[in-house]
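Engineer: Here is what each chain is made of, one letter per residue.
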Amino acid sequence: MAESALGVQLGVIGAYLVVALVIGVAAYRLTGRDAEDYYLAGRSIGTVVLLFTTFATLLSAFTFFGGPNLAYAAGPEWILVMGVMDGLLFALLWYTIGYRQWLIGRVEGYVTLGEMLGDRFGSTRLRGLVAGVSLFWLFPYVMLQQMGAGEAIVGLTDGAVPYWAGAAFITLFMIVYVVLAGLRGVAWTDTIQGVFMLGIVWVAVGWVLANAGGLAGVSAALAGNRPAFLSLGGGVYSPQWMIAQAVTIAFGVTMFPQINQRFFIARDDRVLKRSFALWPVLVLLLFVPAFLLGTWAAGLGVAVPEGANVIPVLLNAYTPAWFAALVIAGAIAAMMSSSDSMLLSGSSYLTRDLYRPLVNPAADDEREAWLARVGVVAFAVGTFVASLFRPGSLVEIGSTAFGGYAQLTLPVLVALYWSNTTRQGMLAGIAGAQAFYVAHVFVPSVTVGGVTVFGSTYLTWDVALYGMVLSLLLTVGVSLVTAAGADERAETFAVGSGAD
Amino acid sequence: MPRRKTDYLWIVVFGTLVAFGIPWFLWGSTATWAGLPVWLWWHVGWMVLATVAFAGFTRGAWDRGMSIEEVPGDG
Chain A
1 MAESALGVQL GVIGAYLVVA LVIGVAAYRL TGRDAEDYYL AGRSIGTVVL LFTTFATLLS
61 AFTFFGGPNL AYAAGPEWIL VMGVMDGLLF ALLWYTIGYR QWLIGRVEGY VTLGEMLGDR
121 FGSTRLRGLV AGVSLFWLFP YVMLQQMGAG EAIVGLTDGA VPYWAGAAFI TLFMIVYVVL
181 AGLRGVAWTD TIQGVFMLGI VWVAVGWVLA NAGGLAGVSA ALAGNRPAFL SLGGGVYSPQ
241 WMIAQAVTIA FGVTMFPQIN QRFFIARDDR VLKRSFALWP VLVLLLFVPA FLLGTWAAGL
301 GVAVPEGANV IPVLLNAYTP AWFAALVIAG AIAAMMSSSD SMLLSGSSYL TRDLYRPLVN
361 PAADDEREAW LARVGVVAFA VGTFVASLFR PGSLVEIGST AFGGYAQLTL PVLVALYWSN
421 TTRQGMLAGI AGAQAFYVAH VFVPSVTVGG VTVFGSTYLT WDVALYGMVL SLLLTVGVSL
481 VTAAGADERA ETFAVGSGAD
Chain B
1001 MPRRKTDYLW IVVFGTLVAF GIPWFLWGST ATWAGLPVWL WWHVGWMVLA TVAFAGFTRG
1061 AWDRGMSIEE VPGDG
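Chains as they are written, first to last, in the numbering used here: chain A, 1 to 500; chain B, 1001 to 1075.
Any given hint could turn out to be false.
[Claimed, not checked] Computed list of chain A residues with no C-beta within reach of chain B, every gap over 12 Å:
hint : residue
1    : Phe136
2    : Phe229
3    : Asp269
4    : Val302
5    : Pro320
6    : Glu491
[As the list claims (entries may be wrong)] Cβ-to-Cβ under 10 Å is the rule here; a few derived chain B residues that face chain A:
hint : residue
7    : Tyr1008
8    : Leu1009
9    : Val1012
10   : Phe1014
11   : Leu1017
12   : Ile1022
13   : Ala1031
14   : Ala1034
15   : Pro1037
16   : Trp1042
17   : Val1044
18   : Val1052
Calculated directly from the structure, the hints in this document are not laboratory data. Glycine included, C-beta positions come from ideal geometry on N, C-alpha and C.
Turn these sequences into a full structure, and let the hints guide you.
Structural biologist: And the structure:
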């Protein structure tokens, strides 16, 4: 790659980072020192910002590099999976879980999921369990962003900047940003970035089409080189696999710390309603072009080197260097904002749900704030070190983490709507399903009498789905046979006239 | 505000939207229109339809579903 192109690329990325820092400093000056303002921006977020900050958090390495890579390797059906998962199921959970949490949170003043559940069920152990489980699955997902960013920088600079340096740089930047800006800064940068990415991905589609013979030319190349990609299904895309991915990811996403915390921050109910209605269209506008780019790259015969991502390679081949750099800078920025949100929420789980209740109830605000930042640094450095080993593909790591979170969703849904849920039921449902799922992720599969156990599927269905069913059965079953403790406060979850 | 009988129709609407988010009846189809697979066009139309349906749901049934009048206060 020419010297000047590398300069342009690094210049574009540098310019973006400067803009992000300016926003962070502005937000820092506006943010008060209390936790509600730092973590929730004082519950004052409007429609556009809420929509884009939630969206940008989803707009991670998993969607932006993992998705196109999958479309490149296996065909564009991933668009349908993301449509069902993100556009439909997540929107419905946005209402059933998100709106209800918002209604409860604004009355009781909750900041985290664990705090909400711990208070309702009078259980510090439940609070700590939810926070611990959440942080455990957050680890691989933050690592995924660092891997994505490291790979993106390698692809962009043709290896002039090594993988470890790219990942380290991103890690450093996000630590500084989170410690400084709080949720307001994160939400503002998310919005600018979401709008930017949405616009630029369509420009990328137009540019690639213009230089590759138009839609007709690209389609003909696809039909000639990858005829199977046009047909619905085939290859990895079985109905079981598509359904399992859509369900586990949608349910998992709602329990992601950074997404779940978004349910507390809306200014009023109109913000939540508008975001809900706009969701499917936003999904359509982003994912269709992004995944089509991956698909077309396969049809055009673009060769992607081992360990690289298809989007940078395709753009370097069909668009000018500065434009490719702009898109990659945007994608790297998207990964950073995902990670920023995750680290911010993760640090609130760590300090509020684990440190203060379990270790040091007498900690003052200053000590807590200091610990939150130490936690961010330790967590980010840990994931950085793990990312250097590159333990799997982006989609594999992502879907493992989503599966882990999905084990939390049904117990929470039951608790939100069924007042007879008990503390024992929640503990059994959450701990039982986690034990089941963790065993299937880490224990090597063995075949006993013709049946494979601890594999990734049973009867062709993903184990995460069985874990979800188990979590539901345990939560409801144990709640039915145990009595609520005297310190359980079912009334805190009562919403409206029908719930009392 | 009490729920209305017609509110339960939303469950059917949402169920249908999710069930046919993947057009199972086009499984294995290689038909294309304007250079893109027909099933992709289905996806485009379906997402637009979902947004229209969701917007309709937020006009009333949204709050009745939670058994509340309107959200108390303005925040």
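Engineer: Run every hint past the structure and note whether it holds.
Structural biologist: For each hint, the structure was consulted:
1. Phe136: Since the minimum Cβ distance to chain B is about 29 Å, A/Phe136 lies beyond 12 Å and the statement holds.
2. Phe229: Nearest chain B Cβ is 8 Å from A/Phe229, so the label is violated.
3. Asp269: Violated, because the least Cβ-Cβ distance between A/Asp269 and chain B comes to about 4 Å, which does not exceed 12 Å.
4. Val302: holds, 18 Å
5. Pro320: Label holds. Min Cβ-Cβ 25 Å, cutoff 12 Å.
6. Glu491: holds, 15 Å
7. Tyr1008: This hint is violated: B/Tyr1008 lies away from chain A, its Cβ roughly 14 Å from the closest one there, beyond 10 Å.
8. Leu1009: violated, 15 Å
9. Val1012: violated, 13 Å
10. Phe1014: holds, 6 Å
11. Leu1017: This interface hint holds because 6 Å falls under the 10 Å limit.
12. Ile1022: This hint holds: B/Ile1022 lies near chain A, its Cβ roughly 5 Å from the closest one there, short of 10 Å.
13. Ala1031: holds, 8 Å
14. Ala1034: holds, 7 Å
15. Pro1037: holds, 5 Å
16. Trp1042: For B/Trp1042, the interface hint holds, since the closest Cβ of chain A sits about 9 Å away, which is under 10 Å.
17. Val1044: Hint on B/Val1044: holds, closest Cβ of chain A at ~6 Å, below 10 Å.
18. Val1052: holds, 8 Å
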